[in-house]
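Student: Sequence:
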Amino acid sequence: MTIGHRVLCSLPIAALALSAAAQVQHQRFTPSDLVQTTRLSGAPAISPGNTALAYIQTHYSVEKKRQTTQLVIQPLGGEGHLADSSLTGEIVLEHSTDVRPSAAASGAKKAGMKPAQPVWLSDSALAFVVLGDGESTVYAVEEKHKGHGRNSGWGKPKEVTRVDAEISDIAYSRESGILAFTAPVYTGTSIKQTAERDKNETQDRADSGRVFDELWVRHWDAFVSPKVSQIHSLRVSPRGLVVAGKRGGAGPHNVMRGTTVADGARFEAQQGFVLSPDGTRVAFVAKKPALEYAWQTTSYIYLASTDSDSNNK
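Residue 67 in full-length UniProt numbering is what sits at position 67 of the sequence shown, and the numbering runs on without skipping anything.
There could be a bad hint or two in this list.
Capping the alpha-carbon separation at 20 Å, the derived lysine to any residue pairs in SDA-like fashion look like this [to be verified]:
| no. | residue 1 | residue 2 |
| --- | --- | --- |
| 1 | Lys287 | His219 |
| 2 | Lys144 | Lys156 |
| 3 | Lys156 | Leu131 |
| 4 | Lys287 | Trp220 |
| 5 | Lys287 | Thr187 |
Treat the hints as calculated values from the structure; they're not laboratory data.
Start from the sequences, fold in the hints, and give me the full structure.
Tutor: In structure tokens:
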């Protein structure tokens with residue numbers, strides 16, 4: 001083979017190499033790709049019959065300068081597998097925010113309700129939380145007609161209940177119809193009482209100063225609040241309707257209120273809680289109220305009734 005033949009044979013190989021290099025460069029994962037990657041927010045929720053998966057996903061667009069949050073319901077097979085791998089989940093609710101500083105300064109409106117913390121009430125009803133400024137609203141959506149994928153559809157969100165606090169750790173028991181969650185309150189008070197106290201204490205104030213009468217002032221990078229995270233329960237039907245208790249109360253019930261271990265001292269549920277299989281009791285971890293929080297790290301497991309018609313002792 002002559003030198004000319006070698007050069008001619010090398011040209012196609014060089015062209016392929018350049019093409020492959022250009023393709024690799026085109027597929028390179030850039031910082032822009034990283035910030036625009038769709039992310040899951042919080043834990044996904046599987047329906048009781050393993051027929052659907054609900055989750056919250058977020059996406060940021062560099063071009064539009066918008067942050068989008070979506071509530072997605074993905075149909076599953078009976079064993080928890082995708083019912084049809086070619087189908088994508090149905091976007092039930094979408095919230096979009098203009099993240100530019102100029103938009104925040106001008107008070108631009110946000111599009112839609114921002115969903116969080118999905119929890120199944122039944123195989124055909126899903127509840128979720130929308131957090132506001134110092135308040136939370138629980139909504140529910142129902143499946144319009146049975147089926148999976150193209151044969152399914154979800155209705156518009158309807159309000160279940162509104163709470164004057166930012167709630168978290170939401171859970172539901174189908175057997176007892178108990179919807180439980182944690183909310184920041186003053187020890188031994190209800191959410192309503194806490195909201196009224198905040199209003200009375202702040203309506204005439206022009207400062208944000210705080211007085212500490214205990215040594216435990218700061219935990220890591222945050223000041224210790226006089227409010228504590230306590231567990232509340234509410235009776236809700238599988239279709240998202242609030243059910244009143246035997247005593248007529250339909251509002252959230254503080255299950256940690258009235259316990260003899262609290263007795264007015266700081267009593268805070270740590271790391272959420274766990275509902276019993278029948279939903280009548282709740283287990284949680286907390287420090288003993290009599291201990292000095294600044295000097296003690298010992299925690300205990302406590303049990304309390306979720307029924308508002310019962311007294312916890």
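Student: Hint by hint, work out which the structure violates, then give me just those numbers in ascending order.
Tutor: Of the numbered hints given earlier, the structure breaks none, since each of them holds.
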